[in-house]
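Input sequences plus hints: build the corresponding full structure.
Top to bottom, those sequences are chains C and F. Under our numbering, the first residue of the first sequence carries the number 910, and numbering increases by one thereafter. Under our numbering, the first residue of the second sequence carries the number 910, and numbering increases by one thereafter.
It does not matter which identical chain is meant; a pair holds if it fits inside one copy or across any two.
List time: in silico DMTMM-like cross-link candidates among lysine to aspartate or glutamate, alpha-carbon distance up to 25 Å:
no.	residue 1	residue 2
1	K1213	D985
2	K1060	D1108
3	K1195	E1212
4	K1104	E1039
5	K976	E1194
6	K948	E991
7	K1216	D985
8	K978	E1212
9	K981	E1212
10	K1147	E991
11	K1195	D977
12	K1147	E1212
13	K948	D985
These aren't lab readings, by the way, just hints derived from the structure by calculation.
There are 2 protein chains.
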Amino acid sequence: MTQISRRAVMAGAAALAATPALASAPISGSQAPGFYRYKVGDFELTQLSDGAATFPMPDSFVTNVSKDKAIKAAFDSYLAPEGKITVPFNPVLINTGSKLILIDTGYGPNIGPVVGHLTANLAAAGIMPEQIDMVVISHLHPDHTNGLHNKDGSLTYPKAEILMPEHDWAFWMSDDNAAKATDPVNKNYFANAKKTLSDLKDHVTVYGWDKEIVTGVTSIATPGHTPGHTSFAVASGKDKIFVQSDITNIPAFFLRNPDWHVMYDHDPELAQRTRHKFYDMAAAEKAVVVGYHFPFPSVGHVEKAGKGYRLVPVNWNASV
Amino acid sequence: MTQISRRAVMAGAAALAATPALASAPISGSQAPGFYRYKVGDFELTQLSDGAATFPMPDSFVTNVSKDKAIKAAFDSYLAPEGKITVPFNPVLINTGSKLILIDTGYGPNIGPVVGHLTANLAAAGIMPEQIDMVVISHLHPDHTNGLHNKDGSLTYPKAEILMPEHDWAFWMSDDNAAKATDPVNKNYFANAKKTLSDLKDHVTVYGWDKEIVTGVTSIATPGHTPGHTSFAVASGKDKIFVQSDITNIPAFFLRNPDWHVMYDHDPELAQRTRHKFYDMAAAEKAVVVGYHFPFPSVGHVEKAGKGYRLVPVNWNASV
Chain C
910 MTQISRRAVM AGAAALAATP ALASAPISGS QAPGFYRYKV GDFELTQLSD GAATFPMPDS
970 FVTNVSKDKA IKAAFDSYLA PEGKITVPFN PVLINTGSKL ILIDTGYGPN IGPVVGHLTA
1030 NLAAAGIMPE QIDMVVISHL HPDHTNGLHN KDGSLTYPKA EILMPEHDWA FWMSDDNAAK
1090 ATDPVNKNYF ANAKKTLSDL KDHVTVYGWD KEIVTGVTSI ATPGHTPGHT SFAVASGKDK
1150 IFVQSDITNI PAFFLRNPDW HVMYDHDPEL AQRTRHKFYD MAAAEKAVVV GYHFPFPSVG
1210 HVEKAGKGYR LVPVNWNASV
Chain F
910 MTQISRRAVM AGAAALAATP ALASAPISGS QAPGFYRYKV GDFELTQLSD GAATFPMPDS
970 FVTNVSKDKA IKAAFDSYLA PEGKITVPFN PVLINTGSKL ILIDTGYGPN IGPVVGHLTA
1030 NLAAAGIMPE QIDMVVISHL HPDHTNGLHN KDGSLTYPKA EILMPEHDWA FWMSDDNAAK
1090 ATDPVNKNYF ANAKKTLSDL KDHVTVYGWD KEIVTGVTSI ATPGHTPGHT SFAVASGKDK
1150 IFVQSDITNI PAFFLRNPDW HVMYDHDPEL AQRTRHKFYD MAAAEKAVVV GYHFPFPSVG
1210 HVEKAGKGYR LVPVNWNASV
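So this is what it looks like as C-alpha cells:
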C-alpha cells in the first residue's frame, strides 16, 4: 500500500491546479455553415439555410385535421419534438456558369435570431450579395420575399434583376384584393406585400408559367398555396431537378399526408390537387426535388407511401 | 423596324467584349465543411465527415443476396445511383465540458482524395488534433483506426489517451489468428492492424463492455461485425443517444434489410442477431442513433418498416 506523504499530496494538488477541469475546447454553441453544393449537369447548385423556426404547433396549423391527430401522426414519424414543429427556410442558388440566380430570399433581417441567415450562409459559400445576377421569387409570402431588402431598406442584391410570378404580383399588390381580405393570415400577407414590395413596382420583371425564364430554369404552374405559386425545373445536359417551392410545407406533415391543408394555403383544395399531381409525377420520374421547407439540405427523392409520399433525403456528398 | 448600322454592330461587339459571358462567381467545385453540431444534455456533439467513397458495388457486397436483387431493392429506395454504392465515413466528437473525446478516426491520409478529411473538418469546426483528450476506437477496421497516424507515422492526436475494445485488440493483434485467416477481406484486416497499430502496443488502454469508459460514455457489446465490435450510449442529464458504430453498413441496404450480410461482417449470423436486438430496442425507445456509415450528418431515428427498419434523419438544426 502506498503511503501518502504530505509532499505527494502537495505535488498532487499542484498538478490539479495546473490542470483545469475544462476540456481543451469550450462548448462551441455554433452550427456549421448552412450551405450544400451539388451538380445538375454543368450547373452548380447551392442549397442555403436562412434558418429554421421551432414553435408550438398552432391549433389550426392543419386546418382540416385535429391537432391531436396531426401531432400523433408527426410523432409516429419521429420528426417533431412533442407539441412543437420546426419549419426550415432554404433558398437555392443556381450558378449556370454564366449567371448566378437566387430562388427566394428568406425572411431578411427584421424577424429575429432564428432566421435571416441567408446572406451569412451565402458569404460562407463565398458569394457576396452584389454578385447575384437574378433573384426569382416563387410566391409573395414574407419568408420568400422579405430578404429582398436590408435593414435600412436598401436592396440586398443591388445588381440583380428581380423576377416576380405575374399572378402573385397582380394578386398580392392589389389594394382592391387587400381590402376584401378577412382572415388574419391573408391580411398579414397583403400588409407585408404593400409594406415591403411597393418600392419595387417599377423595378421588377414579371414572369409567366411554363416559360424558360432564364437558360435552364423553367417556371411550372403549381397554384393553390398562393394564386401565382410557382415551382421550377432546373435542367442542364441530361440532368434535371425540380424546385417545388411550397407545394408542401414540412414534409413530415404534408408530404406524408398530402390531403392535409396547411393554414398558409390560399386555396387549400387547389393546393391539394397540385400536391398530388406534382408528386405523382415526381415519384414516377424518380425525380430529385428541392423543398423550401424540407430539412436542410432540403434535397431528396420521394417515394409513394400509403396514401401519401415519403421524402428520401439525398446522401450528403462530401465532394461536389 | 430597327436598322442595324455598322456602327451599332461594332458598339454591340465592344459591349460583348467588355461583358464576359461568365457568372460573377466561378463554379466552386468545393463542398461545405463536413461537420454538424447538436446537444445531448450538457454535452456538445459534433458529427464529422471523413469523406465518402462511391464505387461499383462488389459482386459479393451482400453475401447472402444476389447482386441483382440487392441493387433492385436499393434502387427502390432511390438511394444508390445505378450500379454504384456510396459509403460515408463519419466519426463523432463529444465535448463533455471537461473532455474532448473522439470516437473513431477515419481512414487517415494514405488512401486517396475521397477520404481522410477528418482533421480538415475538425479544423473547420475549430478543433486542433492536439486538443483531443481521448480517442475511443469502436473496432479495429482500417476506416476506423488508420486516422490514428499522420502520413509520417506520428500520432495524429498526440495528447490523446487511446482506448481500444479489448476483444478486438486481442483478436486482430494476434499473430496466431492472422496466420489462420484465409479469406482476402480478413487477411487484409490482419495485415493492416499489424502494420498500423503495432507501434501502439505499449500505448493503448483496452476497455471492456458495459462500462462507463468516461463520464457519460458507456460501451455496449454489439459483436458480429467484428469479435469486439462496440457501440456506445452517450448520456447527459435526461438526454441519451446511441452511437451504433457499424451494426449496419449503409442503411439503405442493411437497416432496411437487417437480414442481409455485408461482406465486411466477421460473424454474419451474430451480426444479424445484434442488428435485430439493437434496432428493436432503438425503435421501441424512439432513440436517436448515430451511424458511422449513415449519410452525413449521420444522426436519425429509426422506425420499423416491414421486416426491417427505416432511418428517419434528424431535422438539420440551424442553431445548436
